[in-house]
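Could you put together the complete structure from these sequences and hints?
Protein chains in written order, with the numbering used here: chain A, 87 to 199; chain B, 19 to 304; chain C, 1198 to 1487.
Treat the hints with caution; some may be incorrect.
[To be verified] With a Cα cut of at most 30 Å, we get these calculated DSBU-like pairs of lysine-lysine:
1. B:K250 / C:K1243
2. B:K70 / B:K48
3. C:K1257 / B:K155
4. C:K1325 / C:K1477
5. B:K155 / C:K1483
Simulated from the structure, these hints should not be mistaken for lab results.
Now for the letters of each chain:
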Amino acid sequence: MIIVFTSKGTDWDAKMDPRFGRTDYLLFYNEETKELSHIDNREVANQAHGVGPKTAQILFERGAKVLITGNGPGGNAAQALKQMELKIFVGAGEMTVREAYEAYQRGQLAQGA
Amino acid sequence: MKLAIASGKGGTGKTTLAVNLALHAANSQKVVLLDLDVEEPNSGIFIKGELKREKQLVRHVPVWEKEACTLCGKCSEVCRFNAVLKLGKHILVMPELCHGCYACSELCPENALPMQESALGRLRHHQIGSLDFVESKMIIGVEMATPLIEQTLAYAEAEIPHASLQIRDCPPGTSCSVINATRDADFALLVTEPTPFGLHDLSLAVQTMRFLKKPMAVVVNRVGIGNDDVFKYCEAEDIPIWASFPHERAIAELYSRGETLYDKVDSIRAGLDAILLQISKLGGGK
Amino acid sequence: MKELVIISGKGGTGKTSVAAALAFVAENSLIADCDVDAADMHLILKPDEEFAEDFYSGLKAEIDPAICTSCGLCQEICRFHAIKQVDSFFSVDFLACEGCGYCFEICPVKAISLPQQNVGQSFISNTKLGTKLIHARLGIGADNSGKLVAKVKKDAKRIAEEKGLYYILVDGSPGIGCPVISSLSGADLVLFVTEPSLSGLSDLQRVWELTKRFAIKGVCLINKADLNAEISAQIRDFLSREGIGLLQEIPYDEDFSRAITQGQSLVEYAPEKWKPRFEKIWEQIKKELK
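Take a look at the structure:
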């Protein structure tokens, strides 16, 4: 399964980014191949409108099935993500990416709407 | 004459002035008052008239017709607001983000995104004597005020062209909705208070009106609570002050109860007369 | 880190005065002034604008007259009446243009470009208190999409993290549109500053409807509370029905205007009167934020 994190950096020790649409980076972890890749989202964040939904589209194109983030997406993005049958886990805003993944595995993160 | 009553700062007394000026002026001429502060319209608190008409106002947003769609993705490509997204075999439209440009709809090769009506807000047209009062209120969740403001202005143009004085109660601030509300007005009356906040925001409003090349004058409210920097500013900038209203707790109390002032407070009526005199000198109103 | 967002719906209720007073008593904190359309915090906090950044938001169409063949197609399709024509010369009405890019897509000779616009500036400043103020200034007629507010909040979070600060106090935007939504997003607690007038109550109710969608806890301060006992009671009823905690009622006090006239916060202007009151309010807020 492909898990996506909203983060401020590009590796496991990077801090999570609590925001969704305007997150700095999107980190994709493929649980089968154990590969970690990323996308720089700052160009999207630079747009004025519809940033959340645009970011959601990127998740779709990468086949992400689980999103781990801080606050959770805003209304418009949430709509887009619901369409994608993607599971959202929130509350990891203050952790590192590694800590967030571990918390997710232990069932310690709340599921978002 | 189309008079826009605006202010950089909220809470300076714009609506109070607009309402009382409209009611007072309506004693001697045909007046129309438009409440364009569509996110938080409040004039209706002070004016009770006969409801002449109520209209649900709409805007247009695209709706996806799955059967006709070939999933070419052109719609998602052309939308600058990310309101139309292609998610695999699904086209998701987010109406909150749509600006109504029709690009996706008209550029779709299969006509799979026809534009349909979507609720924007409601307009109410009241009448009391020779005052026509139109108030528009945006529904909660819609993010952009400008379409509603434009439709309200168009309504007034079409339905109430006979008024000699049109007063617009504008939204506060200097952003796009204020620009829309004041763009084609003949004159801008800026309401402020004699404090640093009032002065700072007045200077922003003045900049905005100069940018729009609007002739303007100032009304100072609650004189007595601050200092006279606002007066010095207007003198230095060569902006006439048409009236000053004193700060009186009694006035604040009347306001809090939703009561009108022009018929109860002499100093207010005198100030309104001064404003109406200036308007008639400009050739507007009677 | 905890974020408190202070909003009012209606202007003139004393929101900024309250936010500034809290800035003076709150420990371990910084302020984000998200009222970017008419930012006023700086008049009290006297920031030095140490770091300034140009802010770009929104697109506007531009027609290159050297390439344009005057076919008029752009004018035909523009829904915002933003294409002007003088003789055979076509140009874009800057104010009317929404930046949708339809004309850009349709121009047969690619004469139209869509540059992003410099519509303001964002700042990171030191205040006269020695704390940080994150603020911004939006240019005239700018599209207030909430992006600049998002930038201010983002910088606020970053600086708070760098400095190890725990509380972010946000002076929010008025109304119920995009900037308020952006102000509210990510908040841990919302403080409503209202006044007992029919307009104040009505605007409070509307902005509460918006806040409910974010499922954020709310508390309230009634300012100028003795101006109208009946409406104060109505507000109390409303708060109680909706589960919004009433922190305090502040009687009408000319100090609010007098303090800002001196460029001071209430707590500076008359500390014996206001410091204990706001310290108490801050304690109540901290309890809610736990």
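Structure-based check of all given hints:
This hinted pair checks out: B:K250 and C:K1243 have alpha carbons roughly 22 Å apart, not beyond 30 Å. At most 30 Å may separate the alpha-carbon atoms for a hinted pair to count; B:K70 and B:K48 meet this at roughly 16 Å. At roughly 28 Å between alpha-carbon atoms, C:K1257 and B:K155 fall within 30 Å of each other, so this suggested pair holds. Note on C:K1325 and C:K1477: the hinted pairing holds, with a Cα-Cα distance of about 23 Å set against a maximum of 30 Å.
Restraint check: the Cα-Cα separation between B:K155 and C:K1483 comes to about 36 Å, which exceeds 30 Å; the hinted pair is violated.
Hint compliance for this structure: hint 5 is the single one not met.
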